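There are 2 protein chains.
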Amino acid sequence: MTYRLLAGTRVIESSAFIAAPLCGLTLAQYGADVIRFDLIGGGIDYRRLPVMPGGRSVYWTSLNKGKRSIAIDIRKPEGKELLRALVTAPGTDTAVLLTNVPSAFLSHQSLSAARPDLISCTIEGNADGSTAVDYTVHCATGYPMITGTGSREHPINQTLPAWDLACAYHAAFAVTAAVAQHRVSGQGAELRIALSDVAFTAMSHLGTVTEAALAMPERQAIGNDIYGAFGRDFVTKDDRRVMVAAVSARQWQALVQACALTEVIGAIERTLGVSYADEEDRFEGREIIAGLVARWIGARSFADVAQALDAAGVCWGIYQSMRELVQNDPRVSLNNPVFSDIETAGVGRHLAAGAAARLVDQERLPTRPAPLLGEHSDEILRDVLHLSDLSIASLHDRGVIAGPEQDPLTPGGRRSSARRETALVT
Amino acid sequence: MTYRLLAGTRVIESSAFIAAPLCGLTLAQYGADVIRFDLIGGGIDYRRLPVMPGGRSVYWTSLNKGKRSIAIDIRKPEGKELLRALVTAPGTDTAVLLTNVPSAFLSHQSLSAARPDLISCTIEGNADGSTAVDYTVHCATGYPMITGTGSREHPINQTLPAWDLACAYHAAFAVTAAVAQHRVSGQGAELRIALSDVAFTAMSHLGTVTEAALAMPERQAIGNDIYGAFGRDFVTKDDRRVMVAAVSARQWQALVQACALTEVIGAIERTLGVSYADEEDRFEGREIIAGLVARWIGARSFADVAQALDAAGVCWGIYQSMRELVQNDPRVSLNNPVFSDIETAGVGRHLAAGAAARLVDQERLPTRPAPLLGEHSDEILRDVLHLSDLSIASLHDRGVIAGPEQDPLTPGGRRSSARRETALVT
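For the protein sequence lines, the chains are R and Y, in the order given. For the first sequence, the tail end lands on 426 under the numbering used here, and the numbers increase by one without skipping. For the second sequence, the tail end lands on 426 under the numbering used here, and the numbers increase by one without skipping.
Honestly, the hints are just simulated from the structure, not real lab data. Predicted model only: the values in this text are computed from it and were never measured. Be aware that one or more of the hints could be misleading.
Each pair may be met inside one copy or between any two copies, as identical chains are not told apart.
[As the list claims (entries may be wrong)] Straight-line distance between alpha carbons at most 25 Å, and here's what the computed SDA-like set of lysine to any residue pairs gives:
no., residue 1, residue 2
1, K237, N328
2, K76, S248
3, K80, A249
4, K80, I288
5, K237, R152
6, K80, S248
7, K237, E153
8, K76, A249
9, K237, S151
10, K237, V264
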């Protein structure tokens, strides 16, 4: 964990894919004790690409940093009971169940009989319980038709799972709001959050639902331009690409100054009777402005452009690949206290992020790696359920629990390493 | 507000653009009393597009639903003092300052002298205080080069401000974690959250930072395909477009069944020695699979496709424009309790979203519209600072406070309505 804000909160997580695990990760990095329940051998996303030559999933280990893992066979009635006991165990001030794979034996109703102040949070695809994933929600939002050169005939999906991210953080927020209430009133809560509701409510908050409901003109694809202000990508003389944004009037003034456009912009404004300090005029006149900026940037090297834009306080950024980001950008390096090097079993030593927020004057605690499956099975049963070593050994013997697994540490776990390596270069 | 989970929390918000106002909106919808401070006449995003013929911004009103507004001239020392007094006022159990426009007179240090248990949250572009917006962060993530048909030469920006959304909800979460701590310990906290840190930490959690750090092969643009599993867009016989996802093994089985592919897939698997139940093989074989699915979907009407996919439990979605979403999708309608009709001054009656989460067995309270600028100036000074009517009148007379404004209610506020109408059809 990075900070202890949520100390005293115990979360039992039963999850797969992105939104729910990232919600749990977020709670863990801000101080909750997040216990991830896993099937013996791993759940449906345990081997998701990309995977290391030894078979360990970089996807899974990235989303489960800093959690504890208990591996239980819930096909056995005793396994189900163990998991129910963990969720409803006393001994912590707030108990949370987080899941996106709801099942009857973990229903809020049945669990809250044992622990009336339980907070449960179920993340769903759609509110009616039907399946949806980021891709099948995004296609319905209208964004693919107006992304880049997108159209009805050639929609462009997003590669970033943006709705999963929004859902994860929104769910972490809602759970924490329930925790805050619990700390005052002792009340539990049953929360349900649908991925599609997160998407469509966000669109309402961004104004796009209202625009459409009021039958305002439909947004059109405008390439890489920023809607409603000025911003676009430009190429330098030495073929580097930058994104320049002039959303606020101050940002616009900085751009005009950096590119030495004061005189020509003044002449255009007087002639056309417009004022580019006004974002509406700036958006309308974006082709004219872009032509001038492109001319200035295209005549200079990246180094000169960067220096001039920075000197004037322009809001801009560089286009780079993920590898260039990690190799060259100080914001993704040990120079940024948000990042540190961690050692993940089966993956190796690598850069990893802790909590995104910084708490001034508070020490950041080390970022912990993802657990091995069942790494904390015994410890959790001792800590939380106060089982004896004898009982725990018996649960192992009868195959009710397992762990820690050894597979990821040695190449050739479930499948051969040669095969895994092939997959990596696909 | 929708729910009262955060009742007893007072947030003073000084903000512009998306991340900070959406953070405040989120806190408001879950029960905080969010008081938005505005400049008299409005801040830098008060007229942001799209705007109504009368001049009111649909963007601004969408992001500020359910907040109270006080309009203060902070160029006057007395205005600064009023705002400081509001932030540090006693009389509520948790006091929060939320801003993305930090200024010395609102520094945590100076305010916490008056209220040591203050929670402040500053949203920044970059952690060093330099400017960044969603677009200038996104270009640096590497995603534009692998979105759709994107490449280094032709990167594709996202139209959805995904990092702003993630930042808003992450900030709402972090603030609420600090509120939860405050309710146990009485401690305050100074939080700082950078948009770029939210983006890059999310990439670490999604595994992409680790992939790059370990020098795994760089991700390539794969059009509308889903990475690491199977999913793509397909066109029906009557030219409707659908997105089909087979991420889990169960989703894959459903797709095979729906499209009657059991026999041919079996033959291919035996011949090639692969197993498409394995997501890795499925991703590798995506062109073969897509060819078969395209043939099946392309031979059928949308109605038939929808029925067959639903009957088999396939995970799929429809591509539609924002207008079609609002007109046709029951998830964005009064049939979904997350939405209701509200009346916004200067905008009219329209569909609007409350909290995305649903609290089972708790009534959803009405979604309230955005305030007029300074609509609650007098009420807030009476409520929070216990000023007399005489003092409040004097503040009005001296131009320290204002409100409620009338502009948005009548056409031709700051600019002519004819001009606004032109803007709408740009």
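Checked hints:
Proximity of K237 and N328 under a CA criterion of 25 Å is satisfied intra-copy only: 20 Å inside one chain copy versus 48 Å between copies. For a Cα distance limit of 25 Å, the shortest separation of K76 from S248 across copies, 23 Å, qualifies, whereas the shortest one inside one copy, 61 Å, does not. In the homo-oligomer, the alpha carbons of K80 and A249 lie at most 25 Å apart only across protomers (23 Å), although the nearest pairing inside one protomer, at 60 Å, exceeds that limit. For the homomeric pair K80 and I288, neither the shortest alpha-carbon distance inside one copy (66 Å) nor that between copies (41 Å) is at most 25 Å.
In this assembly of identical chains, the alpha carbons of K237 and R152 lie at most 25 Å apart only when taken from different copies (15 Å versus 35 Å within one copy). Taking identical chains as interchangeable, the C-alpha atoms of K80 and S248 lie at most 25 Å apart only when they sit on different chains, with a minimum of 23 Å there against 56 Å within one chain. In this assembly of identical chains, the alpha carbons of K237 and E153 lie at most 25 Å apart only when taken from different copies (13 Å versus 35 Å within one copy). For a Cα distance limit of 25 Å, the shortest separation of K76 from A249 across copies, 22 Å, qualifies, whereas the shortest one inside one copy, 64 Å, does not.
Taking the shortest Cα distances, K237 and S151 sit within 25 Å of each other only across copies (18 Å), while inside one copy they are farther apart (31 Å). Taking the shortest alpha-carbon separations for K237 and V264, only the intra-copy value of 22 Å comes in at or below 25 Å, while the best inter-copy value is 53 Å.
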